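K.L.:
So you can see what is in the structure, the chains are spelled out below.
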Amino acid sequence: MAKTVILGAGIAGHTAATLLRKKVGHSHEIVVISPEPEWNWIPSNIWVGVGSMERREVVFPLAPVYARQGIEFRQGRATIIRPEGTDELPRPHVEYTAAGAATEAAPGRETYDYLINATGPKLNFGATPGLGPHGGHSWSVCTADHAVEAARAFRECIDRMKRGENQTLVIGMGHGTCTCEGAAFEYVFNVEHELRRHKVRERARIIFLTNENELGDFGMGGLHLKRGGYVTPSRLFAESLFVERGVEWINRAHVQQVSPGRLAYETVEGLEREIAFDFAMLLPPFRGVGLAAVNRAGTDIAAQLFAPNGFMRVDADYTERPFEDWSPRDWPATYQNPTYANVFAAGIAFAPPHAVSRPLRSPKGTLVAPAVPRTGMTAGIMGRTVAFSIADRIRHGGESPLHRAPFATMGAACVASAGKGLLSGTAATITLYPLIPDYERYEFGRDLAYTTGEIGLAGHWLKHLLHHMFIYKAKCLPFWSLIPE
Amino acid sequence: MKPTDISSPVAYATVPTPLTRFWRTFVPYQLLRFLVINVKMLRLIFKSHAPPPDTLPQKPRQ
Numbered sequence: 002m003a004k005t006v007i008l009g010a011g012i013a014g015h016t017a018a019t020l021l022r023k024k025v026g027h028s029h030e031i032v033v034i035s036p037e038p039e040w041n042w043i044p045s046n047i048w049v050g051v052g053s054m055e056r057r058e059v060v061f062p063l064a065p066v067y068a069r070q071g072i073e074f075r076q077g078r079a080t081i082i083r084p085e086g087t088d089e090l091p092r093p094h095v096e097y098t099a100a101g102a103a104t105e106a107a108p109g110r111e112t113y114d115y116l117i118n119a120t121g122p123k124l125n126f127g128a129t130p131g132l133g134p135h136g137g138h139s140w141s142v143c144t145a146d147h148a149v150e151a152a153r154a155f156r157e158c159i160d161r162m163k164r165g166e167n168q169t170l171v172i173g174m175g176h177g178t179c180t181c182e183g184a185a186f187e188y189v190f191n192v193e194h195e196l197r198r199h200k201v202r203e204r205a206r207i208i209f210l211t212n213e214n215e216l217g218d219f220g221m222g223g224l225h226l227k228r229g230g231y232v233t234p235s236r237l238f239a240e241s242l243f244v245e246r247g248v249e250w251i252n253r254a255h256v257q258q259v260s261p262g263r264l265a266y267e268t269v270e271g272l273e274r275e276i277a278f279d280f281a282m283l284l285p286p287f288r289g290v291g292l293a294a295v296n297r298a299g300t301d302i303a304a305q306l307f308a309p310n311g312f313m314r315v316d317a318d319y320t321e322r323p324f325e326d327w328s329p330r331d332w333p334a335t336y337q338n339p340t341y342a343n344v345f346a347a348g349i350a351f352a353p354p355h356a357v358s359r360p361l362r363s364p365k366g367t368l369v370a371p372a373v374p375r376t377g378m379t380a381g382i383m384g385r386t387v388a389f390s391i392a393d394r395i396r397h398g399g400e401s402p403l404h405r406a407p408f409a410t411m412g413a414a415c416v417a418s419a420g421k422g423l424l425s426g427t428a429a430t431i432t433l434y435p436l437i438p439d440y441e442r443y444e445f446g447r448d449l450a451y452t453t454g455e456i457g458l459a460g461h462w463l464k465h466l467l468h469h470m471f472i473y474k475a476k477c478l479p480f481w482s483l484i485p486e
Numbered sequence: 143m144k145p146t147d148i149s150s151p152v153a154y155a156t157v158p159t160p161l162t163r164f165w166r167t168f169v170p171y172q173l174l175r176f177l178v179i180n181v182k183m184l185r186l187i188f189k190s191h192a193p194p195p196d197t198l199p200q201k202p203r204q
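Protein chains in written order, with the working numbering: chain S, 2 to 486; chain R, 143 to 204.
Treat each hint with caution, since some may be false.
Below, computed lysine-lysine pairings styled on DSS-like, alpha-carbon distance capped at 30 angstroms [unchecked claim]:
#: 1; chain 1: S; residue 1: Lys474; chain 2: R; residue 2: Lys189
#: 2; chain 1: S; residue 1: Lys24; chain 2: R; residue 2: Lys189
#: 3; chain 1: S; residue 1: Lys227; chain 2: R; residue 2: Lys189
#: 4; chain 1: R; residue 1: Lys189; chain 2: S; residue 2: Lys365
Simulated from the structure, these hints should not be mistaken for laboratory data.
A quick note: this is a predicted structure, and the numbers were derived from the prediction, not measured.
Chain S extracted, bound-state conformation (with noise of 0.2 angstroms):
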């Protein structure tokens, strides 16, 4: 009997461990250990964030979940990870804290023959002093209950506007090497349907404050699309949306404090500015969440198996280089870690090679540099692929072929919506091929035929269909596999 420990239960830990389930069936051990006791459906969190969904429309608990599916479920924190296992338990094995409810319990240990490091990141408020809901002065989305906090601050704005006042809202990204710009994006253009549904919309100034170079940049260095008869790049089709919703912006922008009601930034063109503000929701910079690893002799080996940032090594190429010379032959395509052959990590727990936007650094040196999105779609596909690798693996041998899904290659689909309603307010729908640019293969860096945007209500349809059925699908409800990543 084998047994696989997932670390995370977002995404990418989730489908790994559901997927692994039907593949290798009940003779062989699955643990999931996750500090969070709730799947948490995150596209949907901008919906909460700015009160239109109820925090119980995003979640739901795991334990149930993972009962029903024969996956045995811990709520911890994993913090050290011992590929080698030590002198008195000799079996490679993590070792965690117990979190939540059950923070009273022991710390524990789970032995293993396979890991899945799906963490997730550390959520780095502390990158920018002031930022975050706890201890700070903005607010964040990343989390459902982030969100609600969110949503309540938005809705005494409202209420202020209500009763006379103008209010500034400023929202984006809170530092200068964030990623998920386009959750913020579709952040920002569901704060401005609400204000018109609530009828203050004049009342308000909406600021867009992002690292992204140009908008559209979405930290995968833009798209190309065909309009018109011509090919144009995401930035016009982006600027368009925000002037027509009147939302001001700030690019490559890099957030240095945040104090109560006001904001300092810089940007690369060496302009520093500060921001009255009465409502900032801005996201932090994601990092690894800070996992220990320690080989059989005592030594910590995090160098080894840990990028700077935190991020677990796979099968990448790590090598620095400039901008120029980076390529799609730098992304991983099997997840595996390089130096322990039954460790890989999926979402956005791997450490990815580089970045895809070109990074920038303002005179005084500071980096603005988005970072590539992982999450989603992505995600699933990472902990599928892991999921089949280590299946194929328990079933026919430790050397079976691993399964590979060149992160490269993969697409990305993006709904932004602005509102929630059926027939009011429109949605931006994008797809992209491939998410890294490859100017080898096309003019563009991205296949035309399957780079496409548009914007219209039947992106909220779409929305809602993602909504449900990837609720579903984590859910494990009937035929649930049949539903693709």
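With chain S fixed as given, assemble chain R onto it according to the hints.
P.N.:
Okay, now just chain R, sitting in the frame of chain S:
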């Protein structure tokens, strides 16, 4: 946000015409677009899940 200020990027942005905005919320047309977008996404999903075996042959690094 007035496009008359040429120092602002707003002056150089494309803006949708009233007809474009009409199509975005015209339900019969959007029903058709819904089908089209679904087909596009399915094509993308299948392509992402099954990359061709010759995808990204490893080239020797110098």
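K.L.:
Kindly indicate which numbered hints from before are broken by the structure, ordering the numbers from low to high.
P.N.:
Hint 4 is the one this structure does not satisfy, whereas the remaining hints hold.
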